[in-house]
Each structure stands twice: as C-alpha cells, then as structure tokens.
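Just so you know, the sequences run in chain order F and B.
Taking this note's numbering, I'd label the letters of the first sequence as residues 1 to 391.
Taking this note's numbering, I'd label the letters of the second sequence as residues 1 to 391.
Be a bit skeptical, because a hint or two may be false.
Copies of the same chain look alike in the list, so a pair counts if it works inside one copy or between any two.
Unchecked claim - Quick list of in silico lysine-lysine cross-link-like pairs, DSSO-like style, CA-CA up to 30 Å: (1) LYS51 - LYS289; (2) LYS131 - LYS11; (3) LYS254 - LYS11; (4) LYS193 - LYS2; (5) LYS144 - LYS131; (6) LYS192 - LYS5; (7) LYS78 - LYS20; (8) LYS20 - LYS2; (9) LYS51 - LYS20; (10) LYS20 - LYS254.
These are calculated hints, taken from the structure and not from any lab test.
Number of protein chains: 2
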Amino acid sequence: MKFSKRMENMKASEIREILKLTQQPEIISFAGGLPAPELFPVEHMEIVSQKVIQNLGREALQYSTTEGYNPLREHIAKRMGKMNIKASFEDILITSGSQQGLDFSGKVFLDPDDIVICESPSYLGAINAFKAYECQFREVATDKDGMILEDLEKTINDNENVKFIYVIPDFQNPSGKTWSLERRKGLLEIAKKYDLVIVEDNPYGELRYEGQHLPALKSMDDDGRVVFLGTFSKTFAPGLRIGWVCADHELLNKYIMVKQGSDLQTSSMSQRELSVYLDDYSLDDHIDKIISVYKKRRNLMLDTMKESFPQEAKYIIPEGGLFIWVELPETIDTKELMVKAVEEKVAFVPGGSFFPNSDTRNTMRLNFSNMNEENIVIGIKRLGQLLQNEL
Amino acid sequence: MKFSKRMENMKASEIREILKLTQQPEIISFAGGLPAPELFPVEHMEIVSQKVIQNLGREALQYSTTEGYNPLREHIAKRMGKMNIKASFEDILITSGSQQGLDFSGKVFLDPDDIVICESPSYLGAINAFKAYECQFREVATDKDGMILEDLEKTINDNENVKFIYVIPDFQNPSGKTWSLERRKGLLEIAKKYDLVIVEDNPYGELRYEGQHLPALKSMDDDGRVVFLGTFSKTFAPGLRIGWVCADHELLNKYIMVKQGSDLQTSSMSQRELSVYLDDYSLDDHIDKIISVYKKRRNLMLDTMKESFPQEAKYIIPEGGLFIWVELPETIDTKELMVKAVEEKVAFVPGGSFFPNSDTRNTMRLNFSNMNEENIVIGIKRLGQLLQNEL
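The task is simple: from the sequences and hints, build the whole structure.
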C-alpha cells in the first residue's frame with residue numbers, strides 16, 4: 001500500500017497521545033488546552049437546544065450552505081466589529097473549530113517546500129496542520145514583546161517561497177506572550193514590504209486577566225493580507241466545533257471552495273444552537289465569568305510555582321489565555337520527566353513539539369484552565385518536587 | 001498573493017452554486033441530493049437532545065478524542081456487522097460526513113499526478129475532494145452491472161501511479177446503477193492482482209426499493225485493501241454531519257492522524273445525540289419509513305417521465321438511492337437547458353460535472369427524494385415540455 005509523501009512527515013500529535021494517557025481520573029493534568037467544563041452554560045444550552053429543535057428542527061437537520069448559517073455569521077461579524085475589525089457577514093466562513101481554519105490555510109497557500117514563518121515556539125496543532133502540505137518552517141526568535149522584527153526580516157530575505165507568517169499575537173500558545181502594539185505595526189509593515197500573507201490565530205484574545213487590550217492585526221490590515229482565525233472553543237464550548245475565518249471577500253472565496261471539498265459545511269444544528277444562544281444570552285457576561293475563574297487559577301498556579309518550583313525554572317506571567325510556559329536548565333529533558341510525572345499522577349506537555357525544527361528538550365507547557373484550585377496546588381507541588389529532585 | 005498550485009484546479013462546485021440559484025421557494029428542484037426534511041425524526045431528536053444535555057451535557061460540550069465517541073463507534077460497528085463486514089469499534093473513525101472521508105482518502109493516498117480510477121460518470125463531490133490533491137482521473141466505462149472489468153484492467157495497465165479505485169457500487173451517484181455480484185468479485189480480484197486500494201463509497205446502500213441486497217465490497221475484503229465510507233446523512237439527517245471510515249487498524253491510523261490536523265474531532269454533541277438516538281429508537285424502522293416514501297416518489301417520477309419525456313431520453317430504473325440519470329440526444333446541451341429550466345421554475349443538475357475528464361453535455365441528474373409527489377408531477381411535466389421543445 002503506497003501512501004502519499006505527506007504521510008511520511010506526519011505523526012500522531014503528542015498532545016493527543018498524552019491526553020489519552022492522562023484520561024485516568026486520578027491524574028492531575030496540566031497537559032491539554034481544555035476549558036473548565038463546570039463553566040459550560042449547560043442550563044442555557046438545554047433551553048436553546050429545545051428552541052432550535054422546536055422552531056428550526058427541519059433546517060437544523062438538513063444540508064445548508066458551505067459559508068455557514070447567516071445569522072451566526074452576522075453575530076460573528078458584530079463581534080469582529082467590537083474588535084475594530086470591519087467585517088460583514090459575507091467576510092465570515094464558519095469552520096469546524098479554528099483547527100479547520102489552520103488546515104485550510106495550508107490547503108489554500110502551501111505547495112511542497114514552501115516556507116511558513118512562525119514564532120519559536122509555536123502552536124503544535126498549527127505545525128501539524130501545515131505539515132500535511134509538506135511545507136518547511138522557519139522559526140523566528142521572540143522576546144517578551146513578540147517576534148524580534150530584525151530576525152523576521154532576515155528570515156524573509158534568507159528564504160525564497162515564503163508563503164505566510166503564522167502568529168498568535170495574544171497570549172500565545174504555548175509561550176503566553178502578547179505582542180506589543182509597536183511589534184504588531186512592525187509586522188504589518190514588513191508583510192506589506194515583502195507582500196506576504198499573515199495568518200492571525202486568535203483563540204484566546206478575549207480571555208485577558210490584566211493589562212490593556214491590544215488591537216488585532218486584522219483591525220490594522222488596510223490591504224487584505226491578514227487572515228483572521230477565530231473560535232468559540234475557549235469562550236463558549238469546544239464540543240460544538242465552531243470556529244471561523246475572517247478574510248477579504250476574494251480570499252475568503254478560496255477558503256469556501258476548500259471547505260466544499262473538505263466537508264461541505266459545519267453542522268447545521270450546532271451553528272443554529274450557538275446562534276440562538278447569542279440571540280438570547282450575553283456571551284460577554286459568560287466570558288466575564290470565565291475570566292474571573294481562570295484568573296484565580298492562573299494566580300494560584302503562579303503563586304504555587306513561586307513557592308515550590310526551583311529558582312532555575314524560568315517563566316513569564318501570561319496576561320491572558322490558558323498557558324504558562326516554563327524554561328528549565330538544559331540538563332532537564334521534559335519528555336523523560338513526563339514519564340516520572342505520570343507515575344506521580346501529574347501531567348504537562350513537554351515543550352519539544354512546539355518547535356518545528358529545533359530539538360529543544362528543556363521546556364514544558366502548563367495549562368491552568370482545566371483543573372480546580374485544589375488540584376492546581378497539589379499538582380504544582382508534585383511537579384515542583386520532581387523538578388527539585390532533578391536539579 | 002500567491003496561492004497553492006492546487007487552487008488552479010479548483011472551482012466552486014456546480015451543484016452548490018446551482019443549489020443557491022434554486023433556493024427560491026417557488027422553484028421545483030430536482031437538483032440537490034437532499035433528503036426529505038418532513039421525514040426527519042424531529043420529535044425523537046427533541047427528546048434525545050434533552051437527554052444528552054441533561055445526562056452528558058459537560059462532556060458533549062467538551063473536547064473529545066479524534067477517533068470519535070466510543071458508544072457511537074460501537075453502534076456503527078454493529079451496523080457494519082449486519083452487512084457482514086467484520087469490524088470492531090476500533091476500525092471506525094467518525095468523520096464530519098462522508099465528504100470528509102473522501103477528502104481524507106485524497107490526503108492519505110494522493111501525490112500530484114497520481115491516478116484515481118473512477119466510474120464514468122462519478123460523484124462530483126468526490127472528484128472535487130480528490131482534485132485538491134492534484135491527482136488525475138481515469139474514467140472507466142460502465143454498463144448496467146458496473147465497471148466493465150476489461151476496461152478497468154486496461155486502464156490499470158496503461159497508467160503508472162494508480163493509487164486507488166473509487167467506486168459507489170450501490171445506486172451510484174449519479175447513474176443510479178448497482179454493481180452485480182460478479183463484477184464486485186471481479187473488481188476485488190483485479191485490485192488484489194495489481195495491489196491497489198479500493199475506496200468504497202456507500203451513502204445509499206440501505207435505501208433499496210426493489211431487488212436483492214448485494215454484499216458490500218468491504219464484506220468480501222480479505223486483505224484490508226477496501227476503505228469503506230459510510231454516512232448517516234441519507235438514512236438519518238445530514239445536518240449533524242456524521243459519517244465514518246471503516247478500514248483495517250493500521251490504515252485507519254493514517255486517517256486518524258489526518259483528522260487530528262484537519263479539525264481535531266467531529267462535534268462531541270452531534271455524536272452523542274446520534275448515539276443516544278440509536279440507543280433509544282430503531283434506525284431500521286426509520287429507514288423503512290424513508291424507503292416507503294422515496295419508493296413512491298421514484299415510481300411517480302419514472303411514470304411521469306414515461307408520459308412526458310421524449311422517447312429519445314434514455315434512463316435506467318435505479319433500484320435504490322436518490323437519483324435518476326438521463327441521457328439525451330447529443331444535440332442537447334443540458335447546461336444551456338438549465339437556464340431555460342430555471343426560467344420555467346424547475347431545476348436539475350447538468351451531467352457534465354460528473355465526468356472529470358470528458359466534456360459530456362447531454363446528460364442530467366434528477367433527484368426524487370426531496371420534492372413531494374405533487375411537485376414531482378408538475379416539475380417533470382415542465383421538464384418534459386422543455387425537452388420536447390428542444391427536439
């Protein structure tokens with residue numbers, strides 16, 4: 001049996017495999033990027049799903065257009081407006097989570113050996129999605145304010161066939177870093193200078209626990225070179241699999257064509273359920289609730305890390321999002337550490353998979369949204385003890 | 001802005017564009033492949049969706065495994081068993097409709113210029129899905145019993161890089177043809193002789209209105225070379241977007257990896273809703289209802305065609321499925337006819353798009369599942385009049 005060449009590059013996502021290991025209920029897992037299920041608006045969804053079945057039952061069970069359910073596209077366009085992104089519903093394509101927006105970005109732009117420029121480290125799921133199109137990656141170093149723009153420009157000059165720059169400017173996964181306004185503007189200037197597309201992935205932008213909101217790249221995009229990927233997975237619920245692509249009309253048409261061949265459309269039912277929820281309830285109020293819980297969890301994790309992690313562990317305080325990124329002394333291999341951690345009933349994601357090219361073994365990503373406060377304290381202490389033992 | 005090479009081959013699906021045209025309620029449309037919405041089990045789904053939210057609410061809103069919800073995989077494995085296909089739940093991957101199974105088949109197997117062998121004509125959605133991987137197509141002629149096996153073998157011998165043979169053995173879309181047992185066995189022998197994969201697409205197999213059920217290729221597959229694609233879109237409801245891939249474990253793992261990068265997983269909610277429906281109700285009873293309605297509609301369409309179509313219009317009687325395929329004299333261009341038909345408030349799909357290579361203009365596909373009996377009679381008479389005028 002002969003598979004396509006792309007299959008040689010692909011391996012099962014390490015996060016997914018780790019998540020399987022950590023599904024035993026007694027494990028305290030900081031591994032996934034799962035939202036807190038106790039915050040899901042289950043009662044409201046009960047009302048909403050009844051309403052959808054009763055009022056829109058037949059159309060919710062029928063095929064519908066590839067672009068998505070228009071009232072939901074309108075809701076999203078309005079939310080984009082709040083972020084100063086000018087978009088009509090026609091600039092929105094509903095996708096099955098933003099993971100599908102990543103896959104489609106690969107499909108629309110990438111030929112074998114084309115270059116994707118990304119932050120170092122970058123989101124594992126995006127790396128895997130793009131890899132399926134046999135691209136190569138160039139990682140650009142970052143400091144606390146985002147990509148170092150001189151490095152970015154050098155990387156562009158050193159490489160032919162750069163197709164797009166992939167970034168997560170707000171509470172980056174996995175590093176937790178947020179780009180400064182200056183860097184955002186600088187990135188747009190460089191993209192314009194070299195006529196490159198930017199894929200802006202923004203799953204956590206609305207989950208800010210401190211500091212000032214910064215404008216999305218797409219809100220400053222005056223010539224249609226930014227593709228914005230959004231999702232309701234972190235602000236509402238991932239189980240419905242609803243995300244979106246926002247892009248200028250002509251470019252969005254390419255994504256729509258790709259969606260037709262890939263899965264025709266996202267669930268008619270889920271789209272209507274979410275749309276009616278947005279009609280009847282305030283997502284902003286719901287997000288406020290999420291923020292207040294996650295902020296506490298973040299603070300508690302940081303406080304406990306301060307107490308129990310060895311001084312050699314370095315990390316920045318993320319102003320939002322779901323993750324704390326830890327850099328350890330080079331003597332520590334976090335893949336090996338993970339085996340010991342699972343024995344101690346605590347889990348994290350070893351950082352290596354977030355670097356598409358380099359072989360970095362001394363980092364880990366910790367998620368603080370999914371575990372309750374008690375488990376955060378117990379789990380971080382266990383991890384601290386393990387780290388102390390290693391040093 | 002530079003797109004990938006694959007985008008040069010891709011154009012918006014003609015069916016989808018036509019469906020948009022025909023969304024005006026006054027048009028009698030035989031164009032889509034839509035099931036009859038009045039048959040959707042809306043009342044049962046109301047009960048089921050309440051039950052899922054109340055009993056499984058948090059997990060239905062949370063991320064879950066890429067492979068799919070295990071109880072649903074078990075249900076599907078059991079249904080496969082009824083078709084004499086030996087499968088455990090581990091041989092089933094839940095996809096977002098069988099369209100996604102088609103896309104993944106392209107992703108797993110196809111490099112640029114690889115060859116896909118298909119029936120002539122073949123399913124437009126499959127052609128579009130595979131085209132995204134820059135393959136080429138070789139069409140094999142069919143008679144009333146399926147592919148002509150001598151032509152198939154010659155096509156294999158004439159071409160390098162044949163990756164798989166794509167077939168719809170039951171009530172083929174668009175031709176309505178069903179492969180004989182002998183041809184099925186012959187296809188499997190040829191696939192074995194040349195060590196080729198078969199992608200068996202079976203969206204309508206359970207919708208048989210007359211004649212004997214014939215064994216699926218997968219049920220006779222003794223060395224794991226058949227990938228079976230199934231869906232609940234035609235037997236339950238397409239709006240949930242639930243299909244599946246059934247393949248041997250090692251091969252299925254490739255599809256699972258591809259699914260991870262493409263959209264992580266299919267809706268946790270939809271999977272649980274369907275699974276609880278299958279726990280609590282009889283899908284077989286529901287399918288019996290669908291069959292009795294569609295059979296009447298098919299018969300009525302055939303009777304009306306007999307009365308009002310010109311004798312030069314040729315078609316076979318499909319034993320199941322959703323479509324009647326019509327071959328017209330070569331003087332008729334159905335794309336041009338379609339414009340006149342829409343003026344007369346009736347629609348169909350011009351057959352040209354079902355031929356990946358050849359430029360066949362004198363065919364059309366008629367769907368009989370979506371329109372009620374009154375509209376079938378009115379619409380077919382209008383179409384008959386148009387055809388009479390053309391000849």
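Query raised in the report: So which hints don't hold here, by number, going up?
Result: No numbers; nothing is violated.
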